Amino acid sequence: MNRLVTVAEMTLRELLRRRGVLLLLLLMPLTFYLIRRDAYLGQSVRSLLLGVGWAVSTAALFATTAARELEPRLRLAGYRPHHLYLGRMLGLWVVGLVISVPFFLLPMVDGADLRYGGLAAALLCSVAVAAPFGMLIGALLPRELEGTLLLLTVVTVQMLIDPAGSGAKLTPFWSSREIATWTVDDTDQGYLSRGLLHGLVVTALLALGVAAVASIRLRRRRHLRHLPVG
Amino acid sequence: MNADDWLRTLTAELHQRRVAADAARHVVAEAATHLREGGGDPWVVFGPPQQYAGAVVESIGTAPGPRPGPVRLHAAGITKKYGRRTVLHDATLTVRAGQIAAVVGANGCGKSTFLRICAGLMSPDAGEVTVSGRLGYCPQSGGTADFLFADEHFVLVGAGQGVARGPARRAGRAAARQLGWEAGGDVQARHLSGGTRQKLNLTMSTLSAPDVLLLDEPYQGFDQGTYVNFWDQLSRLRDAGTAVVVVTHLLNQLDRVDIVLDLTPARETGWHAPGIQGGRQ
Amino acid sequence: MDSDRRGQWLRGVLDICVLALLSEGESYGYQLAQALDAAGVGPIQGGTLYPVLLRLQKTGLVTAQWREGSAGPARKYYRLTDDGYAALRAGGSAWLTFVRPVNDIVTKGATR
Numbered sequence: 001m002n003r004l005v006t007v008a009e010m011t012l013r014e015l016l017r018r019r020g021v022l023l024l025l026l027l028m029p030l031t032f033y034l035i036r037r038d039a040y041l042g043q044s045v046r047s048l049l050l051g052v053g054w055a056v057s058t059a060a061l062f063a064t065t066a067a068r069e070l071e072p073r074l075r076l077a078g079y080r081p082h083h084l085y086l087g088r089m090l091g092l093w094v095v096g097l098v099i100s101v102p103f104f105l106l107p108m109v110d111g112a113d114l115r116y117g118g119l120a121a122a123l124l125c126s127v128a129v130a131a132p133f134g135m136l137i138g139a140l141l142p143r144e145l146e147g148t149l150l151l152l153t154v155v156t157v158q159m160l161i162d163p164a165g166s167g168a169k170l171t172p173f174w175s176s177r178e179i180a181t182w183t184v185d186d187t188d189q190g191y192l193s194r195g196l197l198h199g200l201v202v203t204a205l206l207a208l209g210v211a212a213v214a215s216i217r218l219r220r221r222r223h224l225r226h227l228p229v230g
Numbered sequence: 231m232n233a234d235d236w237l238r239t240l241t242a243e244l245h246q247r248r249v250a251a252d253a254a255r256h257v258v259a260e261a262a263t264h265l266r267e268g269g270g271d272p273w274v275v276f277g278p279p280q281q282y283a284g285a286v287v288e289s290i291g292t293a294p295g296p297r298p299g300p301v302r303l304h305a306a307g308i309t310k311k312y313g314r315r316t317v318l319h320d321a322t323l324t325v326r327a328g329q330i331a332a333v334v335g336a337n338g339c340g341k342s343t344f345l346r347i348c349a350g351l352m353s354p355d356a357g358e359v360t361v362s363g364r365l366g367y368c369p370q371s372g373g374t375a376d377f378l379f380a381d382e383h384f385v386l387v388g389a390g391q392g393v394a395r396g397p398a399r400r401a402g403r404a405a406a407r408q409l410g411w412e413a414g415g416d417v418q419a420r421h422l423s424g425g426t427r428q429k430l431n432l433t434m435s436t437l438s439a440p441d442v443l444l445l446d447e448p449y450q451g452f453d454q455g456t457y458v459n460f461w462d463q464l465s466r467l468r469d470a471g472t473a474v475v476v477v478t479h480l481l482n483q484l485d486r487v488d489i490v491l492d493l494t495p496a497r498e499t500g501w502h503a504p505g506i507q508g509g510r511q
Numbered sequence: 512m513d514s515d516r517r518g519q520w521l522r523g524v525l526d527i528c529v530l531a532l533l534s535e536g537e538s539y540g541y542q543l544a545q546a547l548d549a550a551g552v553g554p555i556q557g558g559t560l561y562p563v564l565l566r567l568q569k570t571g572l573v574t575a576q577w578r579e580g581s582a583g584p585a586r587k588y589y590r591l592t593d594d595g596y597a598a599l600r601a602g603g604s605a606w607l608t609f610v611r612p613v614n615d616i617v618t619k620g621a622t623r
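Protein chains in written order, with the numbering used here: chain C, 1 to 230; chain U, 231 to 511; chain Y, 512 to 623.
Chain C on its own, in the form it takes in the complex (with noise of 0.2 Å):
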């Protein structure tokens, strides 16, 4: 457990450290909203929602790659691969969360009518994706700018596809999408659970894929045998 928690504090402590992200983690997701704030109250949000996830997404893609060449040597020091990609996820959530607080409280502070508890399931669906989003194609792609590249693909894929079109559940940012349809319009709790059981399920999803990845290639080599010491 303490190893975890190391890992997740040395991300946090990182994270902090980089004025760029955190510029980007906290600008992003602003100006997404301020942009549509002149259109209907939904377009801002849903706006809000997609900055939250591709910011904290492009966040979990650098402390992916930063870490990179770390990780084997953190294996020999005694870690399990599973200390290291829990702790990391464990960290941007933790971040995701936090930067989540201002911006729950911008369309508050704006006036805007809408059901909050949703806003609130939405905001918490868009960082638990976004976190093992980003970290899985960081594991991918070795390069900071491709990655950035896939991301900034998917961003805009989500912003143009239609909703209620038959592809668009492949989109990880759907689920937050949905819910708020149900957090603007009055609409019925149908979209509410529908986004929910999306965003557990990518989330889950997207966690294995990158527990996946971090498994075979941290692995133990079957070429080399340990023995204690004789």
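These aren't lab readings, by the way, just hints derived from the structure by calculation. Do not take every clue at face value.
Sample of chain U residues facing chain Y (criterion: CB under 7 Å; computed from the structure) [what the hints assert, rightly or not]:
(1) Glu-260
(2) Thr-263
(3) His-264
(4) Glu-267
(5) Val-275
(6) Gly-277
(7) Ala-285
(8) Ser-289
Now the stretches of chain C that chain U is said to cover, found in silico as 3 or more residues with beta-carbon under 8 Å [stated by the list, open to error]:
(9) 2–12
(10) 60–74
(11) 77–86
(12) 217–227
Pairwise CB distance ranges, derived in the manner of DEER restraints [unchecked claim]:
(13) U:Gly-270 / Y:Ala-601: 26 to 36 Å
(14) U:Arg-395 / C:Asp-113: 47 to 57 Å
(15) C:Arg-222 / U:Gly-284: 46 to 56 Å
(16) Y:Thr-574 / C:Met-1: 46 to 56 Å
(17) C:Val-201 / U:Thr-494: 49 to 59 Å
(18) U:Glu-412 / Y:Arg-517: 47 to 57 Å
(19) C:Pro-228 / U:Tyr-457: 30 to 40 Å
(20) Y:Gly-523 / U:Tyr-457: 40 to 50 Å
(21) U:Gly-415 / Y:Gly-603: 49 to 59 Å
As the structure is a computational prediction, the values presented were derived from the model and not from experiment. We put the beta carbon where it would ideally sit given N, CA and C, even for glycine.
Got chain C sorted already, so can you dock chains U and Y onto it with the hints?
What follows is chains U and Y alone, placed relative to chain C:
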């Protein structure tokens, strides 16, 4: 040969004769002081450095280092290909506790690859590695977290062994001091100079007190003083029973080393000679 | 003087001479060498003197301490231990007992 060269040769001779690092340093310092006060040619005042080193050894004896102990690392038949290019062919190395092994060879002949295979970070196409005890590894570059302080690195590595924060920090700073570096303070790793960052890199690999230490040319960016401290540190580790493997392309320290593995392949036919385990004992 | 023979003689007595000089007070290598030269024993090279000092230190007859000089580099100062004083007394009287008859014989023969 001027006085500095004579003193440097004396240092090397004392190390080769396994005089304890601290005693050797005193002997050299005293000789340096004597020469400074009285002047004169060291070859006249002390004689050839080999002879003086021999006389010193007769007087004070050698370090009570352990006779080479049990086998700590045994790599046999390591073969690695990248596509059609064979990087390693049947490389073999056995290192015992209390020995230093140097892996040498031209650039690109697979030294880093061999080390990574021994560390378990890469799989070979054939061959086996057996390690007895804890493994430590220092990559050639990188290996540190840009945005963390040195202390935080120590805590991170220490937690892997279940070491608490305070002791991990203390151990890290002590190990850093051996390399002539005061760690601690609030400097992020990316703001450290190249040489200092390498010291951090090296310190991290020795922190868990490994039984087998694999070092991939870790002295990039070291100044002369740190380089000397580094080899002193290796001698100390060796005397304490660690098995050390150093990848190096600098051949002038091979007199401090027990085993040499030369991975340079044969050139003419493209046939790669098996790694020979040669060396002095 | 035949340097081989002088070397042999020195090997026999240098340690006692050093102990004797140190009984007057602590000293360091270069100073001891100069004192020996001034006393007429002849120039003692560092390569001869320091191994002796190291051996005396190892057998516990002297202790050593590094100190910053008043002007100049740090020096290693040696001083006698109690064992050292005892060894000096024993070795010194043994030497004097040995050398007296030798002096007598040689004086008679060399002045003939």
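So, going through the hints one by one against the coordinates:
1. The criterion of a C-beta within 7 Å of any C-beta in chain Y is met by Glu-260 (chain U), whose closest approach is roughly 5 Å, and the hint holds.
2. This hint holds: Thr-263 (chain U) has a C-beta 5 Å from the nearest C-beta of chain Y, less than the 7 Å allowed.
3. Satisfaction of the interface hint for His-264 (chain U) is found here, the shortest Cβ-Cβ separation to chain Y being roughly 5 Å, below the 7 Å cut-off.
4. The beta carbon of Glu-267 (chain U) comes within 5 Å of a beta carbon in chain Y, closer than 7 Å, and the hint placing it at the interface holds.
5. Taking 7 Å as the C-beta contact cut-off toward chain Y, the hint placing Val-275 (chain U) at the interface holds, the least distance being around 5 Å.
6. Nearest Cβ of chain Y to the Cβ of Gly-277 (chain U): about 4 Å, under the 7 Å cut. The hint holds.
7. Nearest Cβ of chain Y to the Cβ of Ala-285 (chain U): about 4 Å, under the 7 Å cut. The hint holds.
8. Hint on Ser-289 (chain U) holds. Least Cβ distance to chain Y is approximately 4 Å, under the 7 Å limit.
9. Check result for the region 2–12 of chain C against chain U: holds, 5 residues qualifying (beta carbon to beta carbon below 8 Å, three or more required).
10. Three residues within the 8 Å Cβ limit are the bar, and the region 60–74 of chain C against chain U gives 7, so the coverage statement holds.
11. Counting residues of the region 77–86 of chain C whose beta carbon lies closer than 8 Å to any beta carbon of chain U gives 3, which meets the minimum of three for the stated coverage.
12. For the region 217–227 of chain C, the proposed coverage by chain U is satisfied: 8 residues have a C-beta within less than 8 Å of a C-beta in that chain, meeting the threshold of three.
13. Separation of Gly-270 (chain U) from Ala-601 (chain Y) is about 35 Å and conforms to the stated range, judged on CB atoms against 26 to 36 Å.
14. Our hint of 47 to 57 Å for Arg-395 (chain U) and Asp-113 (chain C) holds, since their Cβ atoms are close to 49 Å apart.
15. As the Cβ distance of Arg-222 (chain C) to Gly-284 (chain U) is approximately 50 Å, the hint placing it in 46 to 56 Å holds.
16. The hint said 46 to 56 Å for the Cβ distance between Thr-574 (chain Y) and Met-1 (chain C), and at roughly 53 Å that hint holds.
17. A beta carbon spacing of about 55 Å between Val-201 (chain C) and Thr-494 (chain U) agrees with the range 49 to 59 Å that was offered as a hint.
18. For the pair Glu-412 (chain U) and Arg-517 (chain Y), the beta carbons lie near 51 Å from each other, so the given range of 47 to 57 Å is met.
19. At about 35 Å, the CB distance of Pro-228 (chain C) to Tyr-457 (chain U) agrees with the hint of 30 to 40 Å.
20. The hinted range of 40 to 50 Å is satisfied by Gly-523 (chain Y) and Tyr-457 (chain U), whose Cβ atoms lie roughly 43 Å apart.
21. Gly-415 (chain U) and Gly-603 (chain Y) have their C-beta atoms about 58 Å apart, which keeps the hinted 49 to 59 Å range intact.
Checked against the numbered hints given earlier, the structure satisfies every one of them.
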